[in-house]
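Asks: Here are the chains, one letter per residue:
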Amino acid sequence: MDPHEAFIVVLMGLSSMVTIALTAVGEVFAERSGVVNIGLEGILLASAWSATYADIALHSWAAGYLAGLAVGALLGLLHAAISVYARGDQIIAGVGLNIAAAGATTLGIRAAWGNYGQSPPVPSRPPAFTVLGVRESFMVPLTIALSILLWWILERTRIGLRVKAVGDDPASADALGISVERTRLAAVVLGGSLAGLAGAYMSVDYLGSFVKLMSAGRGFIALAAVAFSGWDVLGALLGSLVFGVGDALATYYTTVKGASAAAYPYKTIPYILTLIAVSATAWRARMPRALGRPYRRE
Amino acid sequence: MSLKSRIASEAALVAATLAIGLAVGALVAYSFHAPPLQVIGVMMGSWRVLPDVVAEYAAMLALTGAAFALPLYAGLFNIGAEGAFQLGALTALWAAIQWGGIAAPLLLGMASGALLLALAGWLRTRLSVNEVLSTIMLNWVVYWLLLYLVATRLEDPYHPERTLEVPASSRLPWVHVGHTAIPSTLLISAAVLAVLWVFVRMTRWGLTLRFAGANEWTARTRGVRVEAYRIASMAAAGLLSGLAGALHILGYSHSIDVIGGAVRGFGYNGIGVALMGRNDMLAIIPAALLFAVLLTGSSLVEPAYGVPKEAGDFIVGVIVLLLAVPEALRLVGRLRRG
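As you go down the protein sequences, you meet chains W and U in turn.
Anchor point for the first sequence: position 97 equals 100 in my numbering, and the numbering is continuous, going up by one each time.
Anchor point for the second sequence: position 211 equals 224 in my numbering, and the numbering is continuous, going up by one each time.
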């Protein structure tokens, strides 16, 4: 790979970064508030399907993004209802969400478009610019800007302080008059909404159609980016870029090798890269202390 | 609460989640313009039409269910049965083609699964890598390597849509009782679950394992090597999943198709089986039968009524989501948090 090609791979990495980054940045908020959402993979799929459906029905990419956002927020609300209010097991709720979304969206392909594998191409795609022949959506700069804004909110404002307080020491936060439940609900719904945007990006923007099980583990790679970052918004953005480039490398080699089975080993690159990156950094991360634990007032 | 009333309340909960899951299935049928009650009837009646398939699926799901349940006793969420099952199947297939016989493919299938998940256990205890993350990543790595090897090294030149088949000397027999044939894999699986039940309930190691999961800190102060127990529980889970994969190849599918359909989904569905079996090794067996009926049934519904077989996956997802609600999961909560 010469420097020119390497640069192209990085450019491709930027556009695959968006899905992972939006999901990861939202999940940083949810986890800092004390709630893990393993169901991000399912939210990506459900919102990607809904966005495609809305885009095809209304011939509008904006409607697609709105549908993705709404479905993401709703599923975030469902996860919060189970894990925050009903004090259910967060991991199992997330696993259930993933299995249900994988089944439902595959059913949805049949129901909406009458085949087994994918939707037709969407009629309307958002504006994009081209750098050295690589398509970059307007979402690339927007994701970076949004991440900086959310970092500022989490680290420099009272809202961020509240989120971190309920994630680290819910009993003390409660004693100070902060509603643990409502703060966690808001953080999880924010996380779901951003994953919903990410899902819409994946189908109507990045690929231009919905394909069966197209998220291919990206929800989990986003969770890895959160762990890799040490629960920091900008760190998660950086991690997403690294994993996005891993994704792009897999795509690059697949294209070079043609669509034959010989390219399959390259498809493992993003997963192995993720595993190595998290293994190298997870041990020193400082986890929110109440992560994964439902709060009960004594 | 007495044991009897506790079992009754658990059974009521499981029945309620199943009823809601089936109601959702009926809605799906309705949305595909199929008669809901008949669809559910065909789905749940699959054991009469395809008893051999149901028996074989139940054998596999009981083992992958146990692979989720065992590390949970030590406080770990093992999502890696899917990858370990596929790796076990692939290794057993390769060994059977290479050497024939039953012992080598079975042992190597178990060993490969055990190594895969021991790695996840080691990453968790040594480098604090969350086991949910590492096992999902490993599942994907195994999946792509499986598809690669199936389409290249193991391909049958006369049937490019699948691998070479397991030779006759490596095939597991079916046991004939009167007019019905029972797969020997079901007998092996039930025996393994019974041994695990005794292990978890009645041995010193089983007790220590549960202690390490229920109260990590206290266990540590009492000199329990929590890390060793956790790695061992993951390795054992990998061994169980690898065994399932090997049994599936030697006893049932005999080859793997190029899209891996023959070996997909057993691991993920095992999670639902373990949850529905309330993490009890013996209760996992009827839960596995129920899931096997449901999943086999959903493939019957497709040709009969045009309702896609993924309806089965959707119902399973809804059931797992419901089982996450705490009243239904008192048990897991107790195991995890002490």
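Honestly, I wouldn't trust all of these hints.
[Claimed, not checked] Pair by pair, the computed Cβ-Cβ distance ranges are:
no. : chain 1 : residue 1 : chain 2 : residue 2 : range
1   : U       : G274      : W       : G233      : 51 to 59 angstroms
2   : W       : S263      : U       : L16       : 52 to 60 angstroms
3   : U       : G58       : W       : E158      : 43 to 51 angstroms
4   : U       : Y43       : W       : S263      : 22 to 30 angstroms
5   : U       : G58       : W       : W155      : 53 to 61 angstroms
6   : W       : R289      : U       : P64       : 49 to 57 angstroms
7   : U       : P48       : W       : R292      : 52 to 60 angstroms
8   : U       : P48       : W       : S263      : 43 to 51 angstroms
9   : W       : A84       : U       : L40       : 14 to 22 angstroms
10  : U       : A317      : W       : P130      : 42 to 50 angstroms
11  : W       : A89       : U       : K17       : 21 to 29 angstroms
12  : W       : R185      : U       : P299      : 50 to 58 angstroms
Everything labelled a hint here was simulated from the structure, so no lab data went into it.
The beta-carbon is built from N, C-alpha and C at its ideal position, and this holds for glycine as well.
Asks: Check each numbered hint against the structure and report the violated ones by number, ascending.
Replies: 1, 3, 4 and 12
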